[in-house]
Amino acid sequence: MREKELAAFLQQYKGRPLKLMEVCGTHTSALYRTGLRQLLSETITLVSGPGCPVCVTPSSYIDKLVEYAFTPGCQVMTFGDMLAVPGSKMSLAEARDQGGAADFFYSPEEMLEKAKAQPETTFILAAVGFETTAPVWATVIKMAADNNIKNLKFLTALKTMPQALSFLCSKGRIDGFLCPGHVAVITGSEPFEELAEAYGETMVIGGFSQPQLLRAMVRLVLESSKGHAGLWNEYPSVVKREGNAAAQKMVDEIFEAGDAVWRGVGLLPGSGLYLKEKYKEFDAGSRGLNEDRIPPGCLCSRIVLGDALPTQCPHFGKRCTPEHPVGACMVSSEGTCCITYREGGTT
Amino acid sequence: MKIALRHGAGGEETSQLIHDIFASHFQNEILNKMEDAAVLPKIDGAPVFTSDSFVVEPLFFPGGDIGKLSVCGTVNDLACMGAKPLYLTASFILETGLETETLEKIVASMAATAKEAGVKIVAGDTKVVEGNGGVYINTAGIGMRPPACNISAANLKAGDTVILTGTLGDHHATILTQRLQMETSLQSDCAPLNHIVQTVLDAGIDVHAIRDITRGGLATVATELAEASGCRINLEEEKLPVSEAVKGLSGILGLDPLTMGNEGKMLVAVPCNEAEKALAVLQSTKYGKDAVVAGEVTEGAGVFLLTALGSYRKVLPLRGEGLPRIC
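Note that the protein sequences, when read in sequence, are chains A and B. Counting from 1346, one number per residue, gives the positions in the first sequence under my numbering. Counting from 194, one number per residue, gives the positions in the second sequence under my numbering.
For reference, chain A alone in the conformation it holds in the complex (with noise of 0.2 Å):
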């Protein structure tokens, strides 16, 4: 019954309003898929954090995507996600209905077969994610070199959180951070410690199942009611202070940091990785996408930063729906507009 009492408490909880986010787009869409978020007390606002890749990533990017698909011998390849993220004229898929060569892959590694088998092609793999799919991607890279695959290109819009959760904290509106259990996998705990140390947060990691996020959000609620600044580890199982380390080492041996825009967001420094010089044949050209064009009324920069619900966007269900999205916030099965207009129905 302890599961059940854990959930009473977060149903029941009447200490002062507090504003929590949940950073991750998993930890987002988990939320509502084990009934939790559907059950927190009316006290405790949940907002939802910067953590979906897809969603942070700039117009720009998106444009020369676009533009690679309509060049004669290229083929894009990305995560399905990203079909439907809209650039400044297009979104891939709108490309592709154009005759433009656009598809999506599973897993990136099948693209290390189909590119020997297809030598005449040049496949630029969109290369987007946080810590988490950073280490696939440089494994992918890695493997195209030392199997001198020259035909794979990577437009790399790779971002790190730690960076996002600096510049949510300096902003000082949230009361407490549910930070991203996967992220924190790779990175380990330290990065987190950190930072709540030097804002004063409260920052607890959680992970993905039912009973794991139970256990973080109590924790998360019981320690931000009370202003505990500090860093609670509610995923030791997997996420250890130091990371993994081989998988750092991997990423490190591949990419170095730079700036990144973050849709919506601006420019954060040190915030991307890009191909380091040593693999820069790899490299479609991912520096310097910076443009960043937001259609007017769209609220998802807001909205990334939990200063706005998705719900108070004026093109939210209207103009923007799943089916036809204007912002990358309604894209993603881990945008927040998404999740919220596909899942939150509740009675």
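Source of the hints: derived by calculation from the structure; they are not laboratory data. Bear in mind the structure is a predicted one, so any value in this text is a computation, not a measurement. Treat each hint with caution, since some may be false.
Every beta carbon over 10 Å from chain B, so not counted as near; a handful from chain A, in silico [as the list claims (entries may be wrong)]:
1. Arg1518
2. Leu1567
3. Gly1603
4. Pro1667
5. Glu1688
Result set (DSSO-like, lysine-lysine): computed pairs, CA atoms no more than 27 Å apart in a straight line [said to hold, decoys possible]:
6. B/Lys440 with B/Lys350
7. B/Lys235 with A/Lys1349
8. B/Lys308 with B/Lys235
9. B/Lys308 with B/Lys226
10. A/Lys1621 with A/Lys1495
11. A/Lys1495 with A/Lys1461
12. B/Lys507 with A/Lys1349
13. A/Lys1498 with A/Lys1623
14. B/Lys308 with B/Lys277
15. A/Lys1621 with A/Lys1594
16. A/Lys1585 with A/Lys1571
17. B/Lys320 with B/Lys298
18. A/Lys1663 with B/Lys235
19. A/Lys1364 with B/Lys507
20. A/Lys1349 with B/Lys432
The beta-carbon is built from N, C-alpha and C at its ideal position, and this holds for glycine as well.
Dock chain B against chain A, hints included.
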């Protein structure tokens, strides 16, 4: 021997192929006449008619193959309307390069499945296109439905009990692991379900609606039924049967068993006072032994899941492409 364009040209090679492979496996008194069209005996009841095409990749997978699937798909669509499936047509589009041995294996599998389901394949067609050894199959089927039967997607009533005939996601997970070349113990649940429907109907149960859970999974099928009937369906998370293998795979790949397809499971809605009996009858059948009561129909709209924590969450139909070429 490999299939070539001449095998679909309508000449001697086509006749040979039909004689050697299709006629020898599918034979029955109607097909054996080899007329341009099959003449069927008078049907006693309402004729029910449906058609389905099959493009699954790979052609063979643990638990089945495109041939078995092509018979089960149409048989199950007829059965879900409360009809007894009687006759099928089978049309093939073959790509050049296909081994005739492969084709024969597929055709033999169709014949065996048709025999199990008790249907006759009475007409067919073969075309050959240039390609790379692929096979596409269309089957159409006719069944007979008793005049008193009114099973329909629009016939759910508030108060009905929703029964699931077994575990979710097996076929989808099997196809996916085959594509990813993963070694697992997964097996497709592909099966003809007409006998279990017949058993329930023979038991005199007033079945309101049946749907086989194919592409889009339970979430999509339940949403369609709720919409068609103007009702709400509440499912209970803790009661939904999912095998450990599917649970593990969907956990790793971030899939939801609720939107994963089956090829041998159904959702059956019956009045709540007949639920216990219907469940017992289903559990006594070969393909329904894992049947469970999964939820209930109420007034309202949409499909909701009662989570283990006691809150309701909205169940959403599959969106986007899902896994293409699953059947």
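A quick look at each hint next to the structure:
1. Even its closest Cβ contact with chain B, about 27 Å, leaves A/Arg1518 beyond 10 Å, as expected for a residue assigned away from the interface.
2. Consistency note on A/Leu1567: stated as away from chain B, and its beta-carbon is indeed over 10 Å from all of that chain's, at 18 Å minimum.
3. Listed as a non-interface residue, A/Gly1603 keeps its Cβ farther than 10 Å from every Cβ of chain B; the least gap is roughly 29 Å.
4. Consistency note on A/Pro1667: stated as away from chain B, yet its beta-carbon is not over 10 Å from all of that chain's, at 6 Å minimum.
5. For A/Glu1688, the requirement that its beta carbon stay farther than 10 Å from each beta carbon of chain B is not met, with the minimum near 5 Å.
6. Note on B/Lys440 and B/Lys350: the hinted pairing is violated, with a Cα-Cα distance of about 31 Å set against a maximum of 27 Å.
7. For a cut-off of 27 Å, the pair hint linking B/Lys235 to A/Lys1349 is broken: about 61 Å separates their Cα positions.
8. For the hint pairing B/Lys308 with B/Lys235, the CA-to-CA distance comes to about 21 Å; that is within 27 Å, so the pair holds.
9. Pair hint B/Lys308 plus B/Lys226 holds up; C-alpha atoms about 19 Å apart against a cutoff of 27 Å.
10. A distance of roughly 16 Å separates the Cα atoms of A/Lys1621 and A/Lys1495; the hinted pair therefore holds under the 27 Å criterion.
11. Between the alpha carbons of A/Lys1495 and A/Lys1461 the distance comes to roughly 9 Å, so the proposed pair stays at or under 27 Å and holds.
12. With a C-alpha separation of about 20 Å, the suggested pair B/Lys507 and A/Lys1349 falls inside the 27 Å cut-off, and the hint holds.
13. Taking the CA atoms of A/Lys1498 and A/Lys1623, the gap is near 14 Å; set against the 27 Å cutoff, the hint holds.
14. Distance check on the hinted pair: B/Lys308 and B/Lys277 sit about 14 Å apart at the alpha-carbon level, within 27 Å; holds.
15. In summary, the hint linking A/Lys1621 to A/Lys1594 is supported, as the alpha carbons are separated by about 14 Å, within the 27 Å threshold.
16. A threshold of 27 Å between alpha carbons decides the hint, and for A/Lys1585 with A/Lys1571 the separation of about 26 Å falls inside it, so the pair holds.
17. Taken as a hint, the B/Lys320 and B/Lys298 pair is honoured in the structure, with Cα atoms around 18 Å apart against an allowance of 27 Å.
18. In summary, the hint linking A/Lys1663 to B/Lys235 is not supported, as the alpha carbons are separated by about 54 Å, beyond the 27 Å threshold.
19. The suggested pairing of A/Lys1364 with B/Lys507 holds, with an alpha-carbon distance near 24 Å, which does not exceed 27 Å.
20. For the suggested pair A/Lys1349 and B/Lys432, the alpha carbons sit about 18 Å apart, so the restraint of at most 27 Å is met.
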